[in-house]
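Undergrad: The residues making up each chain are set out below.
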Amino acid sequence: MSLLAPLFLAGLLTIAVPFWLHRLQTESSDRKPFSSAMLLQKSEQRVHVRKKLKYLLLMALRILALALVALAFARPLWTNPEALPGPPPDGTHIVLVDTSASMGRAGVFDRAQSLARGAIDSAPDGALLQVLGASAEVREMTSLSADRDAHLGAIGSLAPDAARLDLGQAMSAVDRLAESLPPPVVLHVVSDLQDSSLPARFSDLVAANISALSIHDAGSGDVRNRAIGSIRVTGDNVDVSVSGVGVEPGAASLVLALNEVAVGEQPVAGDGMTTVSFAGLQLQPGDNRLRAELTVADDLAIDNARYHVIQNDPPAPIPLVTLNRSGLPVTYLTAALHSEPTDAYRVEPMVVGDFDTRTLSRYRWAIVDDIGIIDAELEAALADFVTAGGGLLAFTGERSASATRVPVLGNAIGGASIGGPGGDFLSIGQVDSGHPLLAETQGWYAVNLTQSTPVQAITADQVLIRLDNGEPFLIERRIGLGRVLLVAGGLENSSNDLPIRPVFVSFIIEAAQYLSGIEKQERSFAAGESLPLSQAGTTSGQVIDPDGRSILALADTTRAQRIPLRKTGFYEVYTRDGEYLVAVNTDPRESQLAPIAAETRQRWVAAMSGPGATEGTVIPDIEAQPYELWHVLLLLLAVVLIVESILANVYLAPRTTAGSS
Amino acid sequence: MPGLGASQSTARELLQPEVLARLKNLDLVARSVVEGFLIGLHRSPKFGFSQEFAEYRPYTEGDDPRFIDWNVYARSDKMVVKRFLGETNSHLMLLLDASASMGFGGPPVTKLRYAQYLAASLAYLASRQHDAVGCMIFDEEVRDFRAPSSQAGKLQSVLHCIDAAEARTGTKFDKPFDKFHEQSIRRGLVAVISDFYCDIEHLLESVRPLAWQGQDVVLFQVLDEQELRPDFSANVLLEDLESGEAVEVAPEFMREEYPVRIQAHIDELSRAASGIGADHVLVNTRDSLDLALRNYLLFRQRRQ
Numbered sequence: 005m006s007l008l009a010p011l012f013l014a015g016l017l018t019i020a021v022p023f024w025l026h027r028l029q030t031e032s033s034d035r036k037p038f039s040s041a042m043l044l045q046k047s048e049q050r051v052h053v054r055k056k057l058k059y060l061l062l063m064a065l066r067i068l069a070l071a072l073v074a075l076a077f078a079r080p081l082w083t084n085p086e087a088l089p090g091p092p093p094d095g096t097h098i099v100l101v102d103t104s105a106s107m108g109r110a111g112v113f114d115r116a117q118s119l120a121r122g123a124i125d126s127a128p129d130g131a132l133l134q135v136l137g138a139s140a141e142v143r144e145m146t147s148l149s150a151d152r153d154a155h156l157g158a159i160g161s162l163a164p165d166a167a168r169l170d171l172g173q174a175m176s177a178v179d180r181l182a183e184s185l186p187p188p189v190v191l192h193v194v195s196d197l198q199d200s201s202l203p204a205r206f207s208d209l210v211a212a213n214i215s216a217l218s219i220h221d222a223g224s225g226d227v228r229n230r231a232i233g234s235i236r237v238t239g240d241n242v243d244v245s246v247s248g249v250g251v252e253p254g255a256a257s258l259v260l261a262l263n264e265v266a267v268g269e270q271p272v273a274g275d276g277m278t279t280v281s282f283a284g285l286q287l288q289p290g291d292n293r294l295r296a297e298l299t300v301a302d303d304l305a306i307d308n309a310r311y312h313v314i315q316n317d318p319p320a321p322i323p324l325v326t327l328n329r330s331g332l333p334v335t336y337l338t339a340a341l342h343s344e345p346t347d348a349y350r351v352e353p354m355v356v357g358d359f360d361t362r363t364l365s366r367y368r369w370a371i372v373d374d375i376g377i378i379d380a381e382l383e384a385a386l387a388d389f390v391t392a393g394g395g396l397l398a399f400t401g402e403r404s405a406s407a408t409r410v411p412v413l414g415n416a417i418g419g420a421s422i423g424g425p426g427g428d429f430l431s432i433g434q435v436d437s438g439h440p441l442l443a444e445t446q447g448w449y450a451v452n453l454t455q456s457t458p459v460q461a462i463t464a465d466q467v468l469i470r471l472d473n474g475e476p477f478l479i480e481r482r483i484g485l486g487r488v489l490l491v492a493g494g495l496e497n498s499s500n501d502l503p504i505r506p507v508f509v510s511f512i513i514e515a516a517q518y519l520s521g522i523e524k525q526e527r528s529f530a531a532g533e534s535l536p537l538s539q540a541g542t543t544s545g546q547v548i549d550p551d552g553r554s555i556l557a558l559a560d561t562t563r564a565q566r567i568p569l570r571k572t573g574f575y576e577v578y579t580r581d582g583e584y585l586v587a588v589n590t591d592p593r594e595s596q597l598a599p600i601a602a603e604t605r606q607r608w609v610a611a612m613s614g615p616g617a618t619e620g621t622v623i624p625d626i627e628a629q630p631y632e633l634w635h636v637l638l639l640l641l642a643v644v645l646i647v648e649s650i651l652a653n654v655y656l657a658p659r660t661t662a663g664s665s
Numbered sequence: 035m036p037g038l039g040a041s042q043s044t045a046r047e048l049l050q051p052e053v054l055a056r057l058k059n060l061d062l063v064a065r066s067v068v069e070g071f072l073i074g075l076h077r078s079p080k081f082g083f084s085q086e087f088a089e090y091r092p093y094t095e096g097d098d099p100r101f102i103d104w105n106v107y108a109r110s111d112k113m114v115v116k117r118f119l120g121e122t123n124s125h126l127m128l129l130l131d132a133s134a135s136m137g138f139g140g141p142p143v144t145k146l147r148y149a150q151y152l153a154a155s156l157a158y159l160a161s162r163q164h165d166a167v168g169c170m171i172f173d174e175e176v177r178d179f180r181a182p183s184s185q186a187g188k189l190q191s192v193l194h195c196i197d198a199a200e201a202r203t204g205t206k207f208d209k210p211f212d213k214f215h216e217q218s219i220r221r222g223l224v225a226v227i228s229d230f231y232c233d234i235e236h237l238l239e240s241v242r243p244l245a246w247q248g249q250d251v252v253l254f255q256v257l258d259e260q261e262l263r264p265d266f267s268a269n270v271l272l273e274d275l276e277s278g279e280a281v282e283v284a285p286e287f288m289r290e291e292y293p294v295r296i297q298a299h300i301d302e303l304s305r306a307a308s309g310i311g312a313d314h315v316l317v318n319t320r321d322s323l324d325l326a327l328r329n330y331l332l333f334r335q336r337r338q
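Line by line, the protein sequences are chains A and B. Each residue of the first sequence is one higher than the last, beginning at 5 in the numbering used here. Each residue of the second sequence is one higher than the last, beginning at 35 in the numbering used here.
For the record, the hints were derived by calculation from the structure and aren't laboratory data. For clarity, every value in this text was computed on a predicted model and none was experimentally measured. Don't take each hint at face value.
Said to hold, decoys possible - Which residues of chain B face chain A? A partial, calculated answer using Cβ under 10 Å:
id : residue
1  : K112
2  : D229
3  : L272
4  : L275
5  : Y292
Said to hold, decoys possible - Computed spacing ranges between beta-carbons, pair by pair:
id : chain 1 : residue 1 : chain 2 : residue 2 : range
6  : B       : R289      : A       : L16       : 44 to 52 Å
7  : A       : L57       : B       : D265      : 25 to 33 Å
8  : B       : K213      : A       : L57       : 46 to 54 Å
9  : B       : Q190      : A       : L57       : 52 to 60 Å
10 : A       : M42       : B       : E259      : 12 to 20 Å
11 : B       : W246      : A       : L57       : 49 to 57 Å
12 : A       : L57       : B       : E259      : 30 to 38 Å
13 : B       : R289      : A       : M42       : 16 to 24 Å
14 : B       : D208      : A       : L57       : 20 to 28 Å
15 : A       : L16       : B       : A298      : 20 to 28 Å
Note that the Cβ used here is the ideal one computed from N, Cα and C, for glycine as well.
Chain B with its partners taken away, still in its complex shape (with noise of 0.2 Å):
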């Protein structure tokens, strides 16, 4: 269907990093980028994702009242909530690095630009499907936390807090994830996004205490482009944006060693969150974000 391709290739043009870019307003962005996604996204059981009726359940504390069946209380005195298919009643926690490291990249974006967009689509999405959503900057200590709710208005909270995020400091995971890990009681989903410029033991320590703990741990890796493939044809002097220190590198050690380096790093972290159960998410900023969204998706798929 022509109307349908055009239509698809619309919405996955908004994805665009560049085309987000244009937005300021970081609400319109995520909506902007899930509504796109879902727009080219196949109704299928598999992902469980529509607002389609699935059954009654009995109503807990907690529960948004909006999705109270008020009709069935009438006729039955009993306070039950709607269930639609691909709901989960699951809650997400957003772990957001604004460390100084994230500033890097662009144009059109840096990372921690693009991570802001990743964060607040994961947040809208999940808020779609009537997911608890929280959030939680961090760099070397906790900047910033909203705790998990499906409440309305929530969501514009943990939205402002994404956008607020500014890049600085170095990074550290002990201090933030002991402290999420101290305030989170209901298992439920956590995805950390960060680029991951650290010890992966170290990393380990910190997130493996979630994974015994009952979350689902997700590491976005985010990354841009001359992280990944940099592209340097003369000496240059690298200065790190966390410890300040400079290096001064040629062009072909950035050409054909630097990238093996960096895969390494990345293979390296991946399987370490394969070793603790966790999943690792590979996003390039100059990727669009449906991919990262794809992954969150299959990723939650499995989990239920």
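Looking at chain A on its own, in the form it has when it is part of the complex (with noise of 0.2 Å):
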């Protein structure tokens, strides 16, 4: 018997109490002074015992229920003593295959599901098994049952996959699907034991839910395998590293293949790691499918073929409403855009007389580089354009400097400042760098003005730039669907220095990604991980899987989902801003075959069973559970209150004294 909270034994102390009250209660009642008790009945006493007995019993009532108050909050457990001694239960056996794609090596596998199920025949005729998968995520490929037959079923039907097994995350997932399983739990890792699965932390290893641990290693001695560790593209060179461990030299070729045609074969170098350069590729429009190939036969298939994406999209046009083509800020405008690693975009310059408004619908966002020199048309064209989902990038030059409104936005401008309070130059003041378009912008406060427009910011506005004197500098403001980005100054730099600043070419390049509304999209990924299709978009769409199957059935198709890449191959997504090409290749570290050290195992296996354990199972002394008696006592206080609450009634019911006197 023990107590989980004995501090509440205190409690017992309250016992007092009836004790007074009843020492009260027997002194005080009814008693009555009297001439002489000399010709009083002595056996009459009788009745003051009896009645005694009463208040006794009622006494031992009320201190019991306070004592069962006490007790029931102590919570007390109890221990059955006939369930120690016995031999302890069988417990739970869970076999943990590793299904990650260095299994898939020759023999492997095939030896892994012996040792699962050689795991499953040594088990105690008692106990329940599970049967576990495990590469990027762990699965239950059995329910707890002490069906062997399912169990041996469902090893049969395990194969090698293309994930990469974590140990760390595996032990965690197993960990908390032990809580609830019957203890004694032992755990079978049926593995190749990679030293590259192990966590960077040993102690992901430990699981507290685990009562044994039983290590199977069904890796092979020696290793013989190449692997395709990378693929570079730099403009239309291709460089592939290539690594070997265990191989002949001159015995392999690589063969590189762009949208499944063979454009190159080359030789590839014995152990160690290679990189194998291609050249002259002839890019077709849009994402190229690119295939490395090593065309011998190894240990490990399936890090055999290495397959990357090509981005090969025109660029972008947008179009730069200005007052002068051939004018400064349409040349700094121009460079800083063309900056673009991937050269992505291409200004088309266009004088404002000329532009044609209709033709706003075909760019996703545009550019005026003075917003003073807009009329009324293109002023209404450009607002109808944010409202349908456009952006606009504007700047006040000259020409807006003598206006009193912003066009589009409606701005008040008031009279030019002209240098800082001091006769300095102006500065900025104040950068909002939590905002996207500013978060990778850098020198902001290295720009000098000496003349903005001092636009009047409205509540729509966020400023996310102010000068020194407080004016905002740069605005944006939703409009519909759309915004515009408003900095409150000229591209002339005859007013700031902005453009010939560094932080105006990644300025420009950030409010080009921010106003085109094209997220950066990840075109690489390892098998085991998810896709997030809301990346594009707030909708889903369709992904295909390298064998040419819809993944997402139609019902899915318009909720954002997380696309699990199982296969290695190229995943072609369709989304509502465009289809694209996704990369899965298998995690680099599969193909890292060395195993874990001896000593490492063992310290494994003795934190999970104890110092002293040997690698195998170990099946520790199993303490019986302890019984929570607080119900029992609160179901006892509940009677002994009844009793109490009726003996009370009987015995302390108002009485009638002595009549006359």
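Assembling the complex is the task here: the two chains are given apart, and the hints tell you how they should meet.
TA: Dropping the structure here:
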């Protein structure tokens, strides 16, 4: 018997209360003076004794009630003594089979299945069993049961996949699962025990709910493997890195295929890391499929091919409305946008008078180098363009300085501010660096201004940059589905030096990304990872796997999804914003086949099973499960209170004392 | 005679304990009781009580000088005192039990208060008959004592002694009676006023020497109605006022058996008193005092 909250036993002091109350009651109740007791019958004291016994019974019940309350709060635990000396129950045996890519080596997975079957056969007759598969995630292949045939069948259905196993994550998942399983839980790990599958922290390997660990090594001793580590594309050149372990030189070649057409083949060196280069790729517009593949067989086939997506999209046209196509603003903006690494934008300068407003719908966003130059017709067209979802980057040049309001936005413009309070340059005073547009830009505080256009911000505006005199310098406003970015300064390099500052280039590129509404898309994933479909928009789409099958059902195509990428190859992704390719490869760490050191394995087993244990199954002594008694005590308390109430009602009913005196 | 009947009725009402309880002055109580009692008392030689002249007798030491007939002295040079009808020239000694048990009773009055009324009335009555009156207040010990005297002013002293008595401690007759026996030389009347909750044999051992001395002893047993006919409707824990002993009793016992027991005790006391030549008068505190006084006069008449 033990107590979970022994401090509540202090509540037993309250039993002094009924003691005190009953002492008062017996001392004072119905005691009447009488001249002499010499003629009273002595035997009548039996009545008093009987009454005293009644009071004692009541008092005992009340003391018992208080004691039960205190004991219930103290939460006593009772351990059945008969359960202690008996043999420990057979518990649960979990068989965790590694199905990661490295298990695809010749003969390894067959050995793993054999070991897993052996683990099931060696489990005690009364033990419950469960089979788990583990790679990028832990999967329950069978439900918990003692049906060995079902578990053996599940082991036969297992197959290696392309994902990576992280033993730390797998142990964490098994630990959570073991919480609800009948103890003791014995875990059998059947794996090739790659050293690269170990977590960064050794403690992540330890599961508190596992009573014993049994490691079954399915790996082979000698390793002979080549693997493609990475593909790097620079312009029309491709560099492919290849690693080899235990292989002969010159026995293999690397074939490069572009859009499923072989474009080159080169021999590969032996052991160690080698880089093979290919040049003169003829890319097609849009996404190109690039596949590098080794032509020789080795122990692990899945890392003999690697996939890469080369984006070759045409630059997006951007209209630049200006008064002078050869002016400095056009030069600065064009140079900044063309400095984008992927050459994603093409600037189309247009004189304001010649600009056909009907062409606006062809663009995602537009630039006006001086918002003061546009007429009413263009202003209305730009307003409609933004409302419909377009973007607009506008500056306030020399023509804007004489205006009283900002076209499209409608903000009032005050008199131009010239210089600072002391006649010095104006400078940037405050930058909202948390805004996605400005998060990647640096150097705003180096910008100097001799003159600014004092635009009056309104409530709907979000001021992203302010000058040191408090005036807004960069304003964002959402209008309809689109947004407008207004820089309160010109690009003539006369009123400020922003165009010649490095921050201008990064700002323009970020603004292009921001206003076009296209997020950066990851094109390369490791097998087992998930593709977030919502990355390209608020709605989902459809995904075609490397085998050409649609992954999403029709009902799921309108919901944002995270698509598990289980196979290696190219996935075709179709979303509202377009279609693109995603390359999925095996994690390069799966190609590192070196096993876990024997010392580390022993430490792992010892940490799971206690000191002195060796590799293998160790079943600890089983302690009988204590039983909490508080609910029994509360039940008893209810009975005591009922009895006490009945007796008190009988004994302590209002009585009539001496009548006439 | 309607007038006399009304007067007797009023006087009788004055003797009721509840009426007397309103009077704080014991002297006034005694006077009211006795005068009221005498108003209702028919002149009768049987009782031998009047203020009418009867005879002269020679003056002896101790007689009140107020009663010397100076005319006779002038004529015969002899000092004689007048004697009246009913005058006995005796003395009365009042022994008042002031033990704790006497504090029981009421309302309107406790047994002790009633006993005080009775003692005071007897003292006043005796004083009117020119008897010497003394008193002794006792419980386990003698708490106060006034020697019998018929001198003027002694009555007030006796009344004050009676009035000052308070109920406390237990009851023992041997010590007080032994002391009284040692000091008592002249024969006279001894009125013992008590509830007599004691062993009768022990009481007789104390009273018997007085009887053998020639004293005329009367035992006034004062009991409350609750002692004679207790009325309890539920179990009750009764605590002895003297010993503190607590006994829980059933109402059936108090209604049925206890009256039998108290009556047996009274009868035993009465028989014992008769055995030693003493009188026993049972007094209920709810009764008017004239019954006790009448019994006293009858007793006194028998002893003359």
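Undergrad: If a hint holds in the structure, say so; if it doesn't, say that too.
TA: Quick rundown of the hints versus the structure:
Interface restraint check: K112 (chain B) against chain A, minimum CB-CB distance 56 Å, threshold 10 Å, status violated. Annotation: D229 (chain B) was flagged as interfacial toward chain A, and the flag holds, the nearest CB pair being 6 Å apart, inside 10 Å. At about 4 Å, the closest approach between the beta carbon of L272 (chain B) and any beta carbon in chain A falls short of 10 Å, and the interface hint on this residue holds. Because the beta carbon of L275 (chain B) sits about 5 Å from the nearest beta carbon in chain A, less than 10 Å, this interface hint is met.
Proximity of Y292 (chain B) to chain A holds as hinted, the smallest CB-CB distance being about 6 Å (cut-off 10 Å). Between R289 (chain B) and L16 (chain A) the Cβ separation comes to about 47 Å, which falls inside the hinted range of 44 to 52 Å. For the pair L57 (chain A) and D265 (chain B), the supplied restraint of 25 to 33 Å holds, since their beta-carbon distance comes to about 28 Å. Look at K213 (chain B) against L57 (chain A): about 49 Å separates their beta carbons, and that is inside 46 to 54 Å.
At roughly 58 Å, the beta carbons of Q190 (chain B) and L57 (chain A) sit within the given window of 52 to 60 Å. With their beta carbons about 19 Å apart, M42 (chain A) and E259 (chain B) fall inside the hinted range of 12 to 20 Å. Between W246 (chain B) and L57 (chain A) the C-beta distance comes to about 54 Å, which sits within the given range of 49 to 57 Å. For L57 (chain A) paired with E259 (chain B), a C-beta distance near 34 Å keeps the hint of 30 to 38 Å intact.
A hinted range of 16 to 24 Å for the beta carbons of R289 (chain B) and M42 (chain A) is consistent with their spacing of about 19 Å. In this structure, D208 (chain B) and L57 (chain A) break the distance hint of 20 to 28 Å, their C-beta atoms being roughly 42 Å apart. Between L16 (chain A) and A298 (chain B) the Cβ separation comes to about 55 Å, which falls outside the hinted range of 20 to 28 Å.
Hint check: violations occur at hints 1, 14 and 15; the rest are consistent with the structure.
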